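**Student:** Sequence:
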Amino acid sequence: MISLIATVLNEGESIRGLLRSIQRQTRQPDEVVIVDGGSRDDTVAIIRSYEEQLPLRLLIEAGCNISQGRNRAIKAAQGDIIAVTDAGVRLDENWLERISDPLLQNPALNAVGGFFAADARTAFEIALGATTLPLAHEIDRDAFLPSSRSIAFRKASALRAGLYPEWLDYCEDLVFDLRLRRAAASFAFEPRALAHFRPRSTLRAYFRQYYFYARGDGKAHLWARRHLARYATYLLLAPAIFLAGLLIEPALWSLYFIGAAAYLFQPYRRLPTLMSRSRVSSPAIWLYCLVAIPWLRFVGDLAKMLGYPAGWGWRLRHHPPDWRRSPLDGSDAVGRRP
Numbered sequence: 135m136i137s138l139i140a141t142v143l144n145e146g147e148s149i150r151g152l153l154r155s156i157q158r159q160t161r162q163p164d165e166v167v168i169v170d171g172g173s174r175d176d177t178v179a180i181i182r183s184y185e186e187q188l189p190l191r192l193l194i195e196a197g198c199n200i201s202q203g204r205n206r207a208i209k210a211a212q213g214d215i216i217a218v219t220d221a222g223v224r225l226d227e228n229w230l231e232r233i234s235d236p237l238l239q240n241p242a243l244n245a246v247g248g249f250f251a252a253d254a255r256t257a258f259e260i261a262l263g264a265t266t267l268p269l270a271h272e273i274d275r276d277a278f279l280p281s282s283r284s285i286a287f288r289k290a291s292a293l294r295a296g297l298y299p300e301w302l303d304y305c306e307d308l309v310f311d312l313r314l315r316r317a318a319a320s321f322a323f324e325p326r327a328l329a330h331f332r333p334r335s336t337l338r339a340y341f342r343q344y345y346f347y348a349r350g351d352g353k354a355h356l357w358a359r360r361h362l363a364r365y366a367t368y369l370l371l372a373p374a375i376f377l378a379g380l381l382i383e384p385a386l387w388s389l390y391f392i393g394a395a396a397y398l399f400q401p402y403r404r405l406p407t408l409m410s411r412s413r414v415s416s417p418a419i420w421l422y423c424l425v426a427i428p429w430l431r432f433v434g435d436l437a438k439m440l441g442y443p444a445g446w447g448w449r450l451r452h453h454p455p456d457w458r459r460s461p462l463d464g465s466d467a468v469g470r471r472p
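Going by this note's numbering, the first residue of the sequence shown is number 135, and it counts up by one from there.
Just so you know, the hints here were simulated from the structure itself, not pulled from any lab data.
Just so it is clear, the structure is predicted and the values come from calculations on it, not from any experiment.
We put the CB at the ideal spot given by N, CA and C, even for glycine.
Among the hints, a few may not be true.
[As the list claims (entries may be wrong)] Derived DEER-like restraints, expressed as beta-carbon distance ranges:
#1 176 <-> 386: 27 to 37 Å
#2 160 <-> 209: 47 to 57 Å
#3 395 <-> 273: 33 to 43 Å
#4 241 <-> 367: 22 to 32 Å
#5 290 <-> 373: 51 to 61 Å
#6 290 <-> 172: 44 to 54 Å
#7 410 <-> 227: 17 to 27 Å
#8 290 <-> 195: 17 to 27 Å
#9 209 <-> 418: 13 to 23 Å
#10 396 <-> 277: 18 to 28 Å
#11 373 <-> 431: 15 to 25 Å
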């Protein structure tokens, strides 16, 4: 039995797209469990309108965060295989079939990571997708940590791993992946199991997204070296190159261009693929994206450099548990200073 789960909050504008894509699946789920975190728009009414069209159960958990909602859905699900996605996505019609087949065919396998594709509809979204989202051929299958907009796993393995960390509001799916890998190392990657979603549509929304991602990294003590390398590049290396060019040899400023070319290589290499998938394409949009990508890189880095210390500050105040330990032993409660 396969259960498809999702959590939602104020998704009235996008939830129909997800539900319709579930209806079109080549392999239908045995049940769909959706947890609503207390929506104040018409999300709940829209979901209930599909109750006769899908094997749907809606659970209302007002005030729960996304981890709590997913854990509630996993525990309520009757299937031994759980497929997880998010509101705001449109699932490829064979998504569930492709993400669940490896688990059905191989009893020793415990989890399958699907993939995602940018459903960009504006020039800004195309540029942002190229800047932030890897393509399938860039993925290291052995190290890939799937987003919870596209993953399937055995319920027993998730319970054994300790489920999602309920003290964490962002990057919770990465911590869950790491827990799951520790508890059940047999992961597979299925890049054809695609969830299509729109990148953020404004610069403000993009900045907030990556600020909170980095804050989540700080809270969970994730990717410290990666964040330190970013600080070192902007705060130490870049000023050092400027001073060296000013005091020693101006030609040293060419290192800026070499570094920028290396840093922007992947986004520019992705751009033709994103452009071909999009619904809009013109020379003006190409030019816009070529100019926007460097600025988007910088804005994303700035958001991360501000968000990470905010997460560390929260961590120092609240003393969260080590994510490597299972909350089933009582260690997932957030500690506080006396």
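**Student:** Does 22 to 32 Å hold as the CB distance between residue 241 and residue 367, or does it fail?
**Tutor:** violated (46 Å)
**Student:** Holds or violated: the 15 to 25 Å window for the beta-carbon distance between residue 373 and residue 431?
**Tutor:** The hinted range 15 to 25 Å holds for residue 373 and residue 431, with Cβ atoms some 19 Å apart.
**Student:** Is 13 to 23 Å right for how far apart the beta carbons of residue 209 and residue 418 are?
**Tutor:** violated (51 Å)
**Student:** For residue 395 and residue 273, compare the CB-CB distance with the range 33 to 43 Å and indicate the outcome.
**Tutor:** At 23 Å between Cβs, range violated.
**Student:** How does the Cβ-Cβ distance of residue 396 and residue 277 compare with 18 to 28 Å: does it lie in that range?
**Tutor:** The hint (18 to 28 Å, Cβ to Cβ) holds, given that residue 396 and residue 277 are roughly 21 Å apart.
**Student:** Per the hint of 17 to 27 Å, is the separation of the Cβ atoms of residue 290 and residue 195 within bounds?
**Tutor:** holds (23 Å)
**Student:** Between the beta carbons of residue 290 and residue 172, is the distance compatible with 44 to 54 Å?
**Tutor:** violated (30 Å)
**Student:** If you check the beta carbons of residue 410 and residue 227, does the distance land in 17 to 27 Å?
**Tutor:** holds (20 Å)
**Student:** Quick check on a hinted range of 27 to 37 Å for residue 176 and residue 386, using CB atoms only.
**Tutor:** Given about 59 Å between the Cβ atoms, the range is violated.
**Student:** I want to verify a distance hint. Is the separation of the beta carbons of residue 160 and residue 209 within 47 to 57 Å?
**Tutor:** Between residue 160 and residue 209, where Cβ atoms are some 28 Å apart, the hint is violated.
**Student:** With respect to the beta-carbon atoms only, verify the hint that residue 290 and residue 373 lie 51 to 61 Å apart.
**Tutor:** holds (53 Å)
Comparing the model with each numbered hint stated earlier shows that hints 1, 2, 3, 4, 6 and 9 do not hold.
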